[in-house]
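Please arrange chain B on chain A, whose structure you already have, making use of the hints.
So the protein sequences, as listed, match chains A and B. Residue numbers for the first sequence follow my numbering, beginning at 1 and rising by one. Residue numbers for the second sequence follow my numbering, beginning at 1 and rising by one.
Calculated from the structure, these hints are not laboratory results. For glycine and all other residues, C-beta sits at the position ideal for the given N, C-alpha and C. One should not assume that every hint holds.
[What the hints assert, rightly or not] Heads up, incomplete: computed chain A residues facing chain B, CB under 7 Å, no partners named: (1) M1; (2) D35; (3) A38; (4) E99.
Residue-level listing of the chains:
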Amino acid sequence: MRLTEVQTALGLAALTPGAADRQVSWGFCSDLLSDVLAHARPQDLWITHQRHLNVVAVAKLRGVAGVVCVRGQRPSPEVLAKAREEGVALLLAAEDAFEVAGKLYQLLTSAPR
Amino acid sequence: MPAEGYILLRRVFPVPADAIDQAGQVSTEVRRLLRGLGVEPEVVRRAGIVCFEGEMNIALYTKGGRIVLVVRPDRVELLFSDRGPGIADIDLVKQPGYSTAPDWARELGFGAGMGIPNMEENSDALVIRSRVGEGTVIRATILRRSDAAD
Numbered sequence: 001m002r003l004t005e006v007q008t009a010l011g012l013a014a015l016t017p018g019a020a021d022r023q024v025s026w027g028f029c030s031d032l033l034s035d036v037l038a039h040a041r042p043q044d045l046w047i048t049h050q051r052h053l054n055v056v057a058v059a060k061l062r063g064v065a066g067v068v069c070v071r072g073q074r075p076s077p078e079v080l081a082k083a084r085e086e087g088v089a090l091l092l093a094a095e096d097a098f099e100v101a102g103k104l105y106q107l108l109t110s111a112p113r
Numbered sequence: 001m002p003a004e005g006y007i008l009l010r011r012v013f014p015v016p017a018d019a020i021d022q023a024g025q026v027s028t029e030v031r032r033l034l035r036g037l038g039v040e041p042e043v044v045r046r047a048g049i050v051c052f053e054g055e056m057n058i059a060l061y062t063k064g065g066r067i068v069l070v071v072r073p074d075r076v077e078l079l080f081s082d083r084g085p086g087i088a089d090i091d092l093v094k095q096p097g098y099s100t101a102p103d104w105a106r107e108l109g110f111g112a113g114m115g116i117p118n119m120e121e122n123s124d125a126l127v128i129r130s131r132v133g134e135g136t137v138i139r140a141t142i143l144r145r146s147d148a149a150d
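In isolation and in its complexed conformation, chain A is listed as follows (with noise of 0.2 Å):
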């Protein structure tokens, strides 16, 4: 499914703008940043309650389709200056984690693939 279409059905607001056509296929939660280093595919979409500038660093690095950043916390202008010069798609949603990951989960099992 298409980082935009994943946008529009939960409901999220584009921080920055990222690539429009990246695919979803996944979630991966996290706030452990080795984790997501070590686990999170390209085509997941990092949930995660941290905001700072090293988000956009392992975004970019592990290639994952784009952060949503929970609960209406919304990183600085620094941090999405950074994601826009690096193309890291954040997203902002109002939801806590859980709720997002669990209308992520549903998104992705009950649409065609």
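Just chain B now, kept in the frame of chain A:
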């Protein structure tokens, strides 16, 4: 694992202590340089992860140090060196889950105890030498072969 071939590129990057927000810059630059040299994407990915973990370790746990990137036709080498405090028990830091990270670092998502294991996982060879009170040197080798194991 003796290195073969001439050096295509050698770069030195200083890594200051405690500059967590700056950390990640070296790995970004290393990836950019490797891509520019036409290094295989999988090798770039692995080198990027090894570099990020090593960079974070220097920034989080040491008095500062540096990273040297060496690119050869058959391999990418990353050498991390710092000015201490050194690692007393290297076998222990290789164990997944072991960490000495302070609480403030854990709150930022560091200190999962996966840094050194991730570096080993993404290298073909990882050699750690350390002397308590002096410092640590880590040499990571990533081979450039088309059938490189993930």
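Point to revise | Status of the A38/A interface restraint (C-beta, 7 Å, chain B) | key: 5 Å, holds
Practice item. Have a go at the D35/A hint: is there a Cβ in chain B nearer than 7 Å to its own Cβ? Key: 6 Å, holds
Check your understanding: Are M1/A and chain B close enough, Cβ to Cβ, to be under 7 Å, as the hint says?
Key -> Not OK, violated: M1/A not within 7 Å of chain B, min 24 Å.
Practice item. Go through the hint on E99/A and say holds or violated, using the shortest Cβ distance to chain B against 7 Å. Key: Constraint on E99/A not satisfied, violated at 21 Å.
Violated hints, in rising order: 1, 4; the structure is consistent with all others.
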